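Line by line, the protein sequences give chains U and S. The first sequence runs 3 to 317 under the numbering used here. The second sequence runs 27 to 709 under the numbering used here.
To be clear, the hints were calculated from the coordinates, so they are not data collected in a lab. All of these numbers come straight from a predicted model, not from anything done at the bench. Just so you know, not all the hints are guaranteed correct.
Computed Cβ-Cβ distance ranges for the label pairs, DEER-style [unchecked claim]:
# : chain 1 : residue 1 : chain 2 : residue 2 : range
1 : U       : 307       : S       : 178       : 16 to 26 angstroms
2 : U       : 78        : S       : 435       : 24 to 34 angstroms
3 : U       : 13        : S       : 393       : 23 to 33 angstroms
4 : U       : 122       : S       : 479       : 24 to 34 angstroms
From chain S, some residues computed to sit far from chain U (all C-beta separations above 12 angstroms) [as the list claims (entries may be wrong)]:
#  : residue
5  : 44
6  : 83
7  : 91
8  : 128
9  : 129
10 : 142
11 : 145
12 : 184
13 : 232
14 : 408
15 : 495
16 : 614
17 : 641
In this text, a Cβ means the ideal position worked out from N, Cα and C, and glycines have one as well.
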Amino acid sequence: MSSTTFVAKKLSHLLAVVLLVSLGVTALLSQGGTVAAQILGPNANAGQIAELERQLGLDRPFAERYLSWLADAVRGDLGESLLTHVPVTEVIANGFAVTFELMVLGLGIALLVAVPLAAYTARNVGGKIDTIATGVSSLFMSLPSFVLAIGLLYVFAVRLGMLPVSGWVPLTEDPVGNLRSAILPSLVLALHPMATFFRVLRSDMITTLQQDFVLTARAKGLNTAYILLRHALRPSLTTLVSLAGLSIGSLMTGAVISEVIFRLPGMGSAIVNAVTQRDVPIVQGLVLLVALTYVVVNTLVDILQAVIDPRVQTS
Amino acid sequence: MTHDEAKSLLRIRDLSVRIPTARGAIWPLDGVDLDLGAGETLGLVGESGSGKSMLVRSIMGVTPAASTLSGELTFDSVDLAGGRTEQARGVWGKRVAMVFQDSMTSLNPVVRIGRQVSEGARRHLGLTAAQARERTLDLLDLVGIPDPRARLAQYPHQLSGGMRQRVAIAMALACDPDLLIADEATTALDVTIQRQILDLLQEIQATRRMAMIIVSHDLGVVASRTDRIAVMYGGRIAEESATGTLFAEARHRYTRALLGALPTLDMPRHSVLPTVPGSAPDPVGRPRACRFAPRCPAAVDRCRTERPRLLSQGDSGHRFACFVPVEPDAAPASAHAAAVAAPPAATAAAGQPPRLEVRDLVCRYRVPGGTIHAVSGISFAMPPGETLGVVGESGCGKSSAAKAIVRLQQAASGSVLLDGTDLLTLSPREMRRRRTRIQIVLQDPIASLNPRKTVRGCVAEGLLIQGVRGAELAAKVDDALRGVGVDPDIHGGKKAYQLSGGQAQRVAIARAMALDPDVLVCDEPVSALDVSVQAQVLNLLERLKAERGLTMLFVSHDLSVVRNISDRVAVMYLGTIVELGDADQVYSAPAHPYTRALIGAVPVPDPTRDHASTPRLEGQLPSPLSPPSGCRFRTRCPIARQECADNEPPLVEVAPGRLAACHFPLTGSAEPTAPSPRARVRQ
């Protein structure tokens with residue numbers, strides 16, 4: 003299989019998944035009450051609700067509503083909130099910027115700590131650092147993230163006063179302040195995946211280091227750091243990369259929790275409000291974005307796998 | 027060749043390696059003395075667990091992390107036993123380099139060929155990227171890799187096994203070493219490719235005048251390509267001498283046994299091979315005794331209480347560690363084998379209906395990128411009591427055919443008639459009932475036995491499926507185990523991984539024989555076993571065959587083994603049978619050029635034989651995804667013509683009882699004298 007058809011095939015899968023997700027969400031939200039009841043309050047009668055639904059176009063058949071939304075979405079118009087009439091794209095842009103930054107920082111911290119530590123401990127199994135790192139990673143994996151969040155808040159923000167307790171400074175206003183407000187929430191986000199990444203890569207590295215080709219590299223008289231970096235790391239990355247891709251889902255969930263605890267204006271609060279208020283266009287837009295992120299990341303992961311291991315593509 | 031210590035390049039004195047384990051310390055190396063002069067070639071021979079690999083790993087400084095070295099190990103006066111000193115690091119990979127066994131695993135699958143070959147030279151010689159690239163191109167060219175420029179950016183999986191091993195050799199030569207170690211470097215290769223690689227190593231060794239250590243379990247590989255041979259057993263050197271001396275007048279009992287256990291191409295067929303009882307020694311501890319004593323027929327009390335030292339006989343350089351050596355004028359070891367021959371197999375009278383008949387069997391597999399034509403229409407018939415050997419290189423379809431015949435793999439078309447009934451058209455239920463009649467023994471005995479079942483459980487399973495229960499079952503299981511020489515009271519409760527390879531293969535044979543089959547299909551049954559154990563299993567198969575009147579299909583890549591056990595031989599190439607006939611006739615006067623090349627490539631354990639006299643088969647096996655048109659062998663055939671590309675030669679009788687698929691079959695031993703192109707074609 004050539005690399006072009008490989009990528010094309012992956013992209014067509016991506017498109018199919020995104021379509022199915024948006025269809026599913028629209029279908030789910032069309033069950034039960036509508037936004038009209040929310041707008042009009044508990045005293046509205048059935049006739050008033052029906053009238054408002056007609057005005058909002060909610061009385062049209064499901065297929066028609068979905069298709070017209072889809073046609074607009076393809077042109078980049080995701081509609082506007084039924085309640086506040088703010089364009090959906092604007093709601094997304096505001097919330098997603100925060101959530102996305104948290105996720106990227108969280109993933110980055112997790113990988114930056116996990117990869118070197120795993121490479122080092124795999125070479126020195128049973129050493130002091132290995133014992134400590136393995137123990138601490140168990141702790142991070144078993145503690146719920148909100149406990150970690152509160153603990154970190156207490157130590158760094160309340161006791162040491164090094165970082166703000168809550169609030170958000172946009173990147174465009176003050177990059178340093180932005181980083182200060184993002185560091186604790188993203189750290190909370192990072193700890194769990196960091197522990198998992200470390201564990202997985204460490205055990206894969208240990209296996210790789212027992213391979214014949216590592217013996218060959220040692221017999222060539224190459225030094226240890228070079229062998230770890232050039233020969234052992236890359237073949238050990240497959241599971242880690244898949245796992246990092248799949249962790250996007252839990253990172254997003256984690257980001258929502260972080261946003262609540264640190265009171266950040268992210269996507270998490272936006273989506274929770276929209277669902278309870280049945281503000282369909284907002285939910286559709288946000289879910290579309292979440293699904294798209296997830297699928298795009300995992301498509302990239304598949305392509306990355308083929309880059310890491312040249313045997314993946316051809317077999 | 028006498029050995030001058032002053033000129034010694036590699037000097038090893040009382041070298042031991044100790045590895046702590048849960049059962050106590052093991053000593054993979056236990057007091058090894060060895061010298062190697064510049065430009066000299068040493069063969070290091072031994073079975074698994076002999077310590078030969080640990081010895082070369084010690085020289086390379088790549089012993090396992092938990093191990094400790096003691097004793098003296100110097101290379102050109104540089105101490106290599108004292109850890110990773112600056113001086114030692116200047117030797118490893120630069121002045122001493124190594125080629126490993128399996129190039130599939132010893133080359134990094136995710137690093138480009140160019141980097142893998144050049145990185146050693148860049149590290150040790152401080153070459154720039156451009157210089158390293160030039161050097162890599164030269165090296166790849168030197169080891170006979172076509173179009174080296176294109177290889178630089180390729181990955182190992184894009185090359186064939188033979189080409190990969192050439193890359194591994196280029197890699198080892200990168201810093202122009204003074205000593206090259208080839209650790210079972212050709213074991214994973216087919217014989218024709220093995221021959222190419224061994225010739226290449228020898229050429230390079232001669233032109234560069236470097237010293238070489240060829241590590242092998244195969245005496246044939248080292249016989250004609252080394253100056254001296256050291257035989258290892260249980261972490262110690264048992265015997266060491268000039269190559270010719272070792273084969274002609276080995277003194278150590280183990281060396282004798284090893285030489286005798288090897289089936290050769292020139293011994294009578296169905297020879298009962300002399301065996302070494304028991305299996306490799308337990309590496310735990312370092313007993314004050316001869317390691318071989320428990321298996322030695324001549325052992326005396328002294329052998330069990332005192333450790334024999336490796337002593338020189340005069341100044342001949344012939345050293346051996348034995349209290350009760352074989353007398354020097356005793357008959358050569360290999361002559362023992364011919365002494366006892368099994369009764370010739372009951373070959374069927376003409377006209378008797380065949381027990382097993384295979385007609386136009388075809389096997390295909392779909393893989394990404396096409397269809398592999400594993401077996402492309404093979405036919406043969408076996409009368410009751412016959413052993414048919416099937417030989418060929420990897421990818422020739424011999425294993426696929428074996429598995430399709432017992433219906434473990436789906437055949438695309440064709441029929442397999444067992445006493446006239448086509449097995450391939452039976453319903454699954456009928457087939458299950460019929461399975462008692464035809465059984466299979468697979469290559470890897472430990473992997474082919476269920477790891478969760480006991481030995482008794484493995485043997486009982488087939489009987490249970492056939493409805494045997496209770497006391498009858500227990501009796502049949504124990505009988506089957508005793509029949510293969512496994513004591514059910516000692517081993518019956520063990521799991522497969524607790525057995526040695528030889529024991530496990532006996533159990534696998536017992537499992538098949540418990541159902542009392544008429545036909546036994548053996549797919550490489552001795553390939554995973556050491557030579558001394560291989561002989562035990564081969565003898566067992568011969569005995570079972572004689573006792574039970576078995577008809578046996580014996581698939582193997584090892585031509586010597588096949589010749590010894592078979593009545594007739596079928597030679598396969600790329601999914602087709604190219605020659606079929608009486609084993610002696612096929613081996614002595616092959617009719618197909620491929621058969622001749624194959625036989626010529628077999629490493630013969632006879633240092634006097636000149637391997638250069640037989641023509642070497644060049645090139646690689648074509649892809650089974652798109653086999654060549656016409657005769658499939660024509661791309662490598664020395665006598666191919668246009669005819670061969672146009673028409674596929676049918677398998678026809680070229681002499682009474684001899685079938686060959688060749689437009690220009692070889693007659694006698696003479697080179698074919700240009701036959702008129704069409705004269706021999708029978709349609």
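Verification of the hints:
no. : hint                              : in the structure
1   : U:307 x S:178: 16 to 26 angstroms : holds, 24 angstroms
2   : U:78 x S:435: 24 to 34 angstroms  : violated, 55 angstroms
3   : U:13 x S:393: 23 to 33 angstroms  : holds, 25 angstroms
4   : U:122 x S:479: 24 to 34 angstroms : violated, 42 angstroms
5   : 44                                : holds, 19 angstroms
6   : 83                                : violated, 8 angstroms
7   : 91                                : violated, 9 angstroms
8   : 128                               : violated, 7 angstroms
9   : 129                               : violated, 9 angstroms
10  : 142                               : violated, 8 angstroms
11  : 145                               : violated, 6 angstroms
12  : 184                               : violated, 8 angstroms
13  : 232                               : holds, 24 angstroms
14  : 408                               : holds, 38 angstroms
15  : 495                               : holds, 44 angstroms
16  : 614                               : holds, 40 angstroms
17  : 641                               : holds, 33 angstroms
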